[in-house]
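J.: In case you want the letters, here they are:
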Amino acid sequence: MYIAGEYDIIVIGAGHAGVEAALAAARMGCNTLLSTLSMDNIAMMPCNPSVGGPAKGHLVRELDALGGQMGINADKTCIQFRMLNTGKGPAVHALRAQADKKHYQFSMKETCENTENLDVKQLLIEDVLVENGKVKGVVTEDEETYLCKAVILASGTYLSGRIIIGEKTYDGGPNGQRAAQKLSDSLKKLGVRLMRFKTGTPARVDSRTLDYDKMQIQPGDDEARNFSFMSDIKTREQTPCYLTYTNEETHKIIRDNIHRAPMANGIIKGIGPRYCPSIETKIVRFPDKERHQLFIEPEGLHTNEMYVQGMSTSLPMDVQVAFLHTIPGLENAKVMRAGYAIEYDCLDPMQLKPTLELKAIDGFFSAGQSNGTSGYEEAAAQGIMAGINAACKLQGKEPVILKRSEAYIGVLIDDLVTKGTNEPYRVMTSRAEYRLILRQDNADQRLTPIGRRVGLVSDERWARFTKKKENIDKAIEALKGTILNPNVETLKLLADHDLCEIKTSISLFDLLKRENVDYEKLSTAFELPELNAEEREQVEITSNYEGYIRRQLDQVAHMEKLESKRIPEDIDYMDVPNLRDEAREKLADIRPVSLGQAGRISGVSPADVSVLMVYLEAKKREKEAAE
Amino acid sequence: MQQGELISAIATAPGESGIGIIRISGKGAVDLAKRCFVPFSGKNISEYAPRQAVYGKVTGIDGQLIDEAICIIMPAPHSYTCEDVVEIQSHGGSVALREILELTYKLGARAAERGEFTKRAFLNGRLDLTQAQAVMDVIQAPTKASLKLATGHLSGHFSGKIREMRNDILALIAHLEASIDFPEDDIEDVAISETKAKAAELQGKIQKMLKSAHTGKILREGLKTAIIGKPNAGKSSIMNLLLREQRAIVTDVAGTTRDSIEETVNIGGVPLVLIDTAGIRETDDVVEKIGVERAKEYIDKASLILAVFDSSRRLDHEDEEIAELIRGNQVIALLNKSDLQAETSCDDVNALLASQNASDESIDNNLGISTIQVSAANGEGLEALEKAIQDIAYEGNNQEETADFVNDSRQAELLRQAEEFLQTATDTIESGMSEDFIVIDLRSAWEKLGEITGETVGEDIIDQIFKNFCLGK
Chain C
0 MYIAGEYDII VIGAGHAGVE AALAAARMGC NTLLSTLSMD NIAMMPCNPS
50 VGGPAKGHLV RELDALGGQM GINADKTCIQ FRMLNTGKGP AVHALRAQAD
100 KKHYQFSMKE TCENTENLDV KQLLIEDVLV ENGKVKGVVT EDEETYLCKA
150 VILASGTYLS GRIIIGEKTY DGGPNGQRAA QKLSDSLKKL GVRLMRFKTG
200 TPARVDSRTL DYDKMQIQPG DDEARNFSFM SDIKTREQTP CYLTYTNEET
250 HKIIRDNIHR APMANGIIKG IGPRYCPSIE TKIVRFPDKE RHQLFIEPEG
300 LHTNEMYVQG MSTSLPMDVQ VAFLHTIPGL ENAKVMRAGY AIEYDCLDPM
350 QLKPTLELKA IDGFFSAGQS NGTSGYEEAA AQGIMAGINA ACKLQGKEPV
400 ILKRSEAYIG VLIDDLVTKG TNEPYRVMTS RAEYRLILRQ DNADQRLTPI
450 GRRVGLVSDE RWARFTKKKE NIDKAIEALK GTILNPNVET LKLLADHDLC
500 EIKTSISLFD LLKRENVDYE KLSTAFELPE LNAEEREQVE ITSNYEGYIR
550 RQLDQVAHME KLESKRIPED IDYMDVPNLR DEAREKLADI RPVSLGQAGR
600 ISGVSPADVS VLMVYLEAKK REKEAAE
Chain U
0 MQQGELISAI ATAPGESGIG IIRISGKGAV DLAKRCFVPF SGKNISEYAP
50 RQAVYGKVTG IDGQLIDEAI CIIMPAPHSY TCEDVVEIQS HGGSVALREI
100 LELTYKLGAR AAERGEFTKR AFLNGRLDLT QAQAVMDVIQ APTKASLKLA
150 TGHLSGHFSG KIREMRNDIL ALIAHLEASI DFPEDDIEDV AISETKAKAA
200 ELQGKIQKML KSAHTGKILR EGLKTAIIGK PNAGKSSIMN LLLREQRAIV
250 TDVAGTTRDS IEETVNIGGV PLVLIDTAGI RETDDVVEKI GVERAKEYID
300 KASLILAVFD SSRRLDHEDE EIAELIRGNQ VIALLNKSDL QAETSCDDVN
350 ALLASQNASD ESIDNNLGIS TIQVSAANGE GLEALEKAIQ DIAYEGNNQE
400 ETADFVNDSR QAELLRQAEE FLQTATDTIE SGMSEDFIVI DLRSAWEKLG
450 EITGETVGED IIDQIFKNFC LGK
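Just so you know, the protein sequences line up as chains C and U, in that order.
Residue numbers are given in numbering that gives the first Met the number 0: position 156 of the first sequence equals residue 155, and the series is strictly consecutive.
Residue numbers are given in numbering that gives the first Met the number 0: position 308 of the second sequence equals residue 307, and the series is strictly consecutive.
With the rest of the complex left out, here is chain C:
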């Protein structure tokens, strides 16, 4: 055995999960190896050229607040930003950006290569070494062995990847990459339960062959926006996207060739995501829809490749070309890359602890698409948590498990490990029960202290955060402390500043709730701390939605009681009397960490949770009595 190196942590795969995991582990002081199939494809975006959107944008903000890299990298390399949902309530405002794919990759590669404690190597890992239920190292295809204390699997869609275009299939990863064929077998031998999922991507077409006059231009926001709480970019050149639609002719070609679609001819067996259906699926499932919208999006500033968003397909090439040519603006489009479907192995995430460590193998963590999720943001969010928790484990620190009431990251991971998933999982705002609290604007307030605690938040970020927090607190204090009485003098002051009349005594904090009143306007009439736009937004939301926010905080407080009741890791469910059989089975399988998590398992009733609660209390007293 050739021992090629020894690390604290080895990360398998350098996609969005892998880079965040490796950066977090290295920044927390662990000697880390980031292995990738290709040095040229670190943080590659094999599908759509965008970052963010509802709930996904929230994840990026949270990742950033913890000290992750995705937000900063996106701010540096994206070429269009839009805030979505601006009319739909503060909690669902969502930032979405168009990326320059290559720029994004190279910038992330540069960061990784220049991070202390982090080695980046091009390796194909084929085997994970486990001894006595504990991770020992990995073996590459060139028979090099790297020893380590923890492994983070971030293999994306590469595990036994298979590409499908029409009747053609071949082994491979996305974008013409190699697949990791043997690693799947190694995992199976270790007793890891695998599932088979599928996803797909549309064709890329040559910008020079498109007629943009036939499409609607979709510009970015005028105002410059940033994902990262650390970015101060105020101006940015915005590259537009374009909107066009399919039509009856497109649909006819697809219908006429539907027997050649891999989903119809039985070649595809994996389960695809419902929110990312191929165009052929859309036409079959919604036959009455007269047209489907397509966004034509640039893949970068230095390429002519345009991404046809909404047109994901695995139909044969002749069909792809034929239907693309029916679309206004794409009549003469030249295809540069074909659309395809990809099938891959992933872990059943119910085998994981909320720390993303496998319950059965000590020191084996997994993050990203290999856990059955989809999306760059979901992957990155798991990546940073796996990195943090692997490092915490080696350093003997308490693991970091974010709660559902604390972060979308918490919702995402809790869903995965408690409920599992039967399709590639995508985060959505509708999955979060406390989304008024989980806003993208307050991600730093929620998570930066946690990032600081584990050592991911730099002094610079921390100083910025504390200053912002102080300013907000001071402003709210001032608003609450200033009480107006409806006397002549005050009424005149209000009228002079175009502020609404008052009839009874009211604090400035409550006055801020009124229509057409904002912090800036109040500042003209009253002595208030000076705030920047971000801080003002925080203060205004705190005031305007006070009632709703309090209602959700009450719900959280109620839930917290069960959430804080930990279940010992060594509990033997066979020993708990009075559990119903179904509940006993599920509990023994999922092994929840808290009574709160236990209650969210399907098949576990409130009475089962009560029984468990009494059992734990009895055990505790027995133990105390013994001591």
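Some hints here could point you the wrong way.
[Said to hold, decoys possible] Cut-off 27 Å, straight-line C-alpha distance, at most; resulting in silico cross-link-like pairs (DSS-like, lysine-lysine):
| # | chain 1 | residue 1 | chain 2 | residue 2 |
| --- | --- | --- | --- | --- |
| 1 | U | 466 | C | 268 |
| 2 | C | 619 | U | 105 |
| 3 | C | 560 | U | 105 |
| 4 | C | 148 | C | 396 |
| 5 | U | 466 | C | 288 |
[Unchecked claim] Chain U residues, not near chain C, derived (Cβ > 12 Å throughout):
| # | residue |
| --- | --- |
| 6 | 20 |
| 7 | 199 |
| 8 | 270 |
| 9 | 439 |
| 10 | 442 |
These are computed hints drawn from the structure, not numbers from a lab.
Virtual Cβ for every residue (Gly too), placed ideally from N, Cα, C.
Guided by the hints, dock chain U onto chain C, whose structure is given.
T.: Same frame as chain C, but now just chain U:
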């Protein structure tokens, strides 16, 4: 010590008994007692020493008397659960006991789960280790039964109605959520006005079901009825007629603090609880001998007044006094002695009652007064009376669908809460709040309805979104 959520339940065994106890435990128990219990001493209940039995009355939110009772406050930790506990002792098996329970729900308590008091007692150290197994038995044992209850107790039609409403709300939620989660997808805008209209429609449906809760309650607990009339109008003969016609005597409860006898008779399928039958037998002239005050007390206690008038005599000031007394109540006027020569007609009585009602506009005229000619002597008019009583009991609810009536105070309370959330949704829409907030209210309404049928929150919303809309890149 941290106190749990406020819970309440009837702590005594179901069925007839002298005393029934409602136990309330958790954060806010004492406040709840303050809001519904008034000691006869005139002091506030909280001024009494802990664990002192205090005699007083329980009053509803509207200030109306529900029952006389004994109230004991046991502050934490010296109580069964080690939390603040309030116990209210009222009459066992009585309607009042259930009314008090419903009142505690309205005042913020939730229905205690099986074994929940005992569970808290154990967790808070009141019960020792040897009792752990017994506690778990209590919690889990009825689960199988209550599961059956949750499904068996609800008729298919009733739970079908709830599901239908849930589906309607779910469709609204899914549309709003889809527009939030997929802002760039091609889904039609949510028409807020339609959402509002739908919410109002569902609110109407729930209100109708709650009305059936009223019917269900009448069918279960009986309709308290007072027979009022001037001396010799024939009250006791009417009562005897009803008692003779009864098909089943359901209960014969002698109260412990009040000296009254109630008898239940079944009239056309509706149980009438006749108040103070003994009193009527003795005197037959409540107004004259016992006084107007006592008659008034009967009227306050009753949900239905049978006002007896004598057709063989002209209406006089006594009749006017009675008409004045029963103003604003649910009344069936009986023109008795139709077998004798008529001096007074139905129109005369209607006119008398209408004028009394019209004199006070604040009185809801919808209470509707109908006059029926009867003869206690030969039984004439009994059928019409039966019909009138049924109309009141069923209030437009279909008599054939009794199985669908809300007949459980927990169900009724959850329905009421769901309706309230729909109203909040409407308010949210009207105050111009965005989709995000509307969804919060709709979700709450949807969850409340789910609690009735025992359905938990799952992937429903997300499934619905993908079923209804073609989404995704």
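J.: A separate judgement is required for each hint: does it hold in the structure or not?
T.: Comparing the hints with the structure gives:
For the proposed pair residue 466 of chain U and residue 268 of chain C, the alpha carbon gap of about 21 Å is at most 27 Å, so the pair holds. Restraint check for residue 619 of chain C and residue 105 of chain U: the C-alpha separation of about 37 Å exceeds 27 Å, so the hint is violated. Annotation: proposed proximity of residue 560 of chain C to residue 105 of chain U holds, straight-line Cα distance about 24 Å (limit 27 Å). For the proposed pair residue 148 of chain C and residue 396 of chain C, the alpha carbon gap of about 15 Å is at most 27 Å, so the pair holds.
A C-alpha spacing of about 14 Å is found between residue 466 of chain U and residue 288 of chain C, which places the hinted pair at or below 27 Å, so the restraint holds. Non-interface call for residue 20 of chain U relative to chain C: holds, since the shortest CB-CB distance, roughly 23 Å, exceeds 12 Å. Even its closest Cβ contact with chain C, about 22 Å, leaves residue 199 of chain U beyond 12 Å, as expected for a residue assigned away from the interface. Look at residue 270 of chain U: its CB is around 35 Å from the nearest CB on chain C, clear of 12 Å, so calling it non-interface holds up.
The beta carbon of residue 439 of chain U is not kept farther than 12 Å from every beta carbon of chain C, the shortest such distance being approximately 7 Å. Non-interface call for residue 442 of chain U relative to chain C: violated, since the shortest CB-CB distance, roughly 8 Å, does not exceed 12 Å.
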